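Chemist: Sequence:
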Amino acid sequence: MSNTTLNSKELLRGGQFLVKETNCEDVFTPEDFNDEQIMMRESVKEFVEREIWPNKEEFEKKNYKLTEEIMRKAGELGFLGVAVPEEYDGLGMGFVSTMLVCDYISGATGSIATAFGAHTGIGTMPITLYGTEEQKKKYVPKLATGEWFGAYALTEPGAGSDANSGKTKAVLSEDGKHYSISGQKMWISNAGFANVFIVFARIEDDKNITGFIVENDPENGITFGEEEKKLGIHSSSTRQVFFNDTKVPVENMLSERGNGFKIAMNALNIGRIKLAAASLDAQRRVTDLSVKYANDRVQFNTPIAKFGAIKSKLAEMATSAYAGEAASYRAAKNIEDRINIRLESGSSHAEAELKGVEEYAIECSILKVACSEDVQNCSDEGIQIFGGMGFSADTPMESAWRDARIARIYEGTNEINRMLAVGMLVKKAMKGHVDLLGPATAVGDELTGIPSMDKPDYSELFAEEKEMIGKLKKVFLMTAGSAVQKFGPDLEEHQQLLMASADILIEIYLAESAILRAEKNAKRYGEDTQKEQIAMAKLYLYHAVDTVNQKAKEGIVSFAEGDEQRMMLMGLKRFTKYQNQPNVVQLRNTIAEKLTSENKYCF
166 MSNTTLNSKE LLRGGQFLVK ETNCEDVFTP EDFNDEQIMM RESVKEFVER
216 EIWPNKEEFE KKNYKLTEEI MRKAGELGFL GVAVPEEYDG LGMGFVSTML
266 VCDYISGATG SIATAFGAHT GIGTMPITLY GTEEQKKKYV PKLATGEWFG
316 AYALTEPGAG SDANSGKTKA VLSEDGKHYS ISGQKMWISN AGFANVFIVF
366 ARIEDDKNIT GFIVENDPEN GITFGEEEKK LGIHSSSTRQ VFFNDTKVPV
416 ENMLSERGNG FKIAMNALNI GRIKLAAASL DAQRRVTDLS VKYANDRVQF
466 NTPIAKFGAI KSKLAEMATS AYAGEAASYR AAKNIEDRIN IRLESGSSHA
516 EAELKGVEEY AIECSILKVA CSEDVQNCSD EGIQIFGGMG FSADTPMESA
566 WRDARIARIY EGTNEINRML AVGMLVKKAM KGHVDLLGPA TAVGDELTGI
616 PSMDKPDYSE LFAEEKEMIG KLKKVFLMTA GSAVQKFGPD LEEHQQLLMA
666 SADILIEIYL AESAILRAEK NAKRYGEDTQ KEQIAMAKLY LYHAVDTVNQ
716 KAKEGIVSFA EGDEQRMMLM GLKRFTKYQN QPNVVQLRNT IAEKLTSENK
766 YCF
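Under the working numbering, read the sequence shown as residues 166 to 768, first letter to last.
Treat the hints as calculated values from the structure; they're not laboratory data. Some hints here could point you the wrong way.
[What the hints assert, rightly or not] Here are the simulated distance ranges between beta carbons:
(1) E625 / R462: 39 to 45 Å
(2) K620 / D461: 47 to 53 Å
(3) G653 / A607: 16 to 22 Å
(4) K302 / A558: 28 to 34 Å
(5) T297 / Q661: 52 to 58 Å
(6) D461 / D382: 29 to 35 Å
(7) A607 / N466: 56 to 62 Å
(8) E251 / G614: 54 to 60 Å
(9) S347 / E391: 42 to 48 Å
(10) T297 / S510: 30 to 36 Å
(11) N329 / Q549: 19 to 25 Å
All values reported here derive from a predicted model rather than from experimental measurement. Backbone N, C-alpha and C define an ideal beta-carbon position, used for all residues, glycine too.
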């Protein structure tokens, strides 16, 4: 069982972070890894330093064979089977440990990050979670050990974000023994060396697609396009796959007919939080290399690390990585606890995992967006710190920047994920799983009431910051609450409002996670040892307040008029006002000086 055994009453449901206060003792942080997890992390890091990082240049030369070799070695070490139960030759590790492996194996090159993510996530998980016992016994051990590799064939030329609109057909044979699959799939990661595909096709005129397990057999009507020429992830095999009357035994249908869309969506939920994890180590690595370069590079007789402009960049890069780690592992542990509660109450592994992840689908979308955007900004600043050298393929910054770009597109674009996060929250509220209405009404009453003039006591660490988080939550409830009242179920037609609301939601979750992580560590190790962590949490919040202010204003001026608009803008001003503004330059200097004195990303 996990470090903390929670009963299901105490454990926050997905999305509830918005309406309930979380104590720092109740969040899991990277500083809470147990001995087994620390050992796992060290063995993955060692593998990366030995097998992947020294071959950085090869990955840029489209060495697909190298990717396949490294994946085999990862399989031999058990890394491909971390999330697979032991009875199918996996390691059967908890959700946090599976996040950890995905995190640390992904930072050296996007080519391995993609191959690993596509194989262990969308290539293996659908069979592990939806397969029959026979299917699991037949396929999962081979996938868990790296004897076979998996790929996932959902996207088509005409079906991208609208995944359920695929044209690939599955026709039942006259004797009822097999389906013939015909159609074209594109952007299929691992296509060049996959032994088995999860293929989605439509039977007759079904409303929803159906999933199938299809073995790669060129004699069976399966052909491939050339390797795609891509901006980044150069050694990740990406091809079109064509099925021409490919015969698939009926017993290879995954789950039941018409369940494909659901399988695809649930596989993507897991994929999203793992993609967030896969964006973390790249940020640490880029920050690390940037710190070392800034210390070594001398201009005007001074290491550039001593210049304020560079300190600012390093501090912001580290801060985003720190907040991303805090939020990703917080959510991962919530999922793990939810899975354990279900297992204890008698659910199967598959059901526990599916329901556990589905519960936190909002957080999975939030993290996917936040971490994929942060890794892009981080690598962009990395190029800038390296200057002309950053633009050269002789330093690793340029490939990091190119590799990062895909993260905002796959596993559902960030636009889709933004709209999903808010849409799912509103649906949860309608179902009564998260009470948004009560708190939103309370915020409305507060706006018409008289503000308190009491001078608050902020002597305790993070007292004001936690009050600010509470106020940012009120901004979300005020703006999203009014929008829901105004548009009801038609809200999803108003994509720009959803996007603005999503940005508020994302900033709240990340800022709160960073503060809770720093607070927990300050209580545990002493405030004086955590000066830089505290500074990062405060710096992240400062930016979050600005973003929330801007996005809420955009929403309010776009859907409210007259007195209502005036009232909400007044509320926004009240809810985004610090009593004591932080000294931003000082916060950044504190963080940057720690980084440059340690000469690495040290958090």
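Chemist: Hint by hint, say whether it matches the structure.
Modeler: The hints, checked one at a time:
1. Under the hint 39 to 45 Å, the C-beta atoms of E625 and R462, about 41 Å apart, fit the expected range.
2. Evaluation of the 47 to 53 Å hint for K620 and D461 yields a pass: the beta carbon distance comes to about 49 Å.
3. Look at G653 against A607: about 21 Å separates their beta carbons, and that is inside 16 to 22 Å.
4. A beta carbon spacing of about 46 Å between K302 and A558 contradicts the range 28 to 34 Å that was offered as a hint.
5. T297 and Q661 have their C-beta atoms about 44 Å apart, which leaves the hinted 52 to 58 Å range violated.
6. A C-beta distance of roughly 54 Å is found between D461 and D382, which places it outside the suggested range of 29 to 35 Å.
7. The hint said 56 to 62 Å for the Cβ distance between A607 and N466, and at roughly 59 Å that hint holds.
8. Taking the beta carbon of each, E251 and G614 are about 58 Å apart, inside 54 to 60 Å as hinted.
9. Range check, S347 to E391: Cβ separation about 21 Å, and the 42 to 48 Å hint is violated.
10. At about 23 Å, the CB distance of T297 to S510 disagrees with the hint of 30 to 36 Å.
11. Roughly 41 Å separates the CB atoms of N329 and Q549, a value that falls outside the hinted 19 to 25 Å.
The structure fails to meet hints 4, 5, 6, 9, 10 and 11 from the earlier list, while all remaining hints are met.
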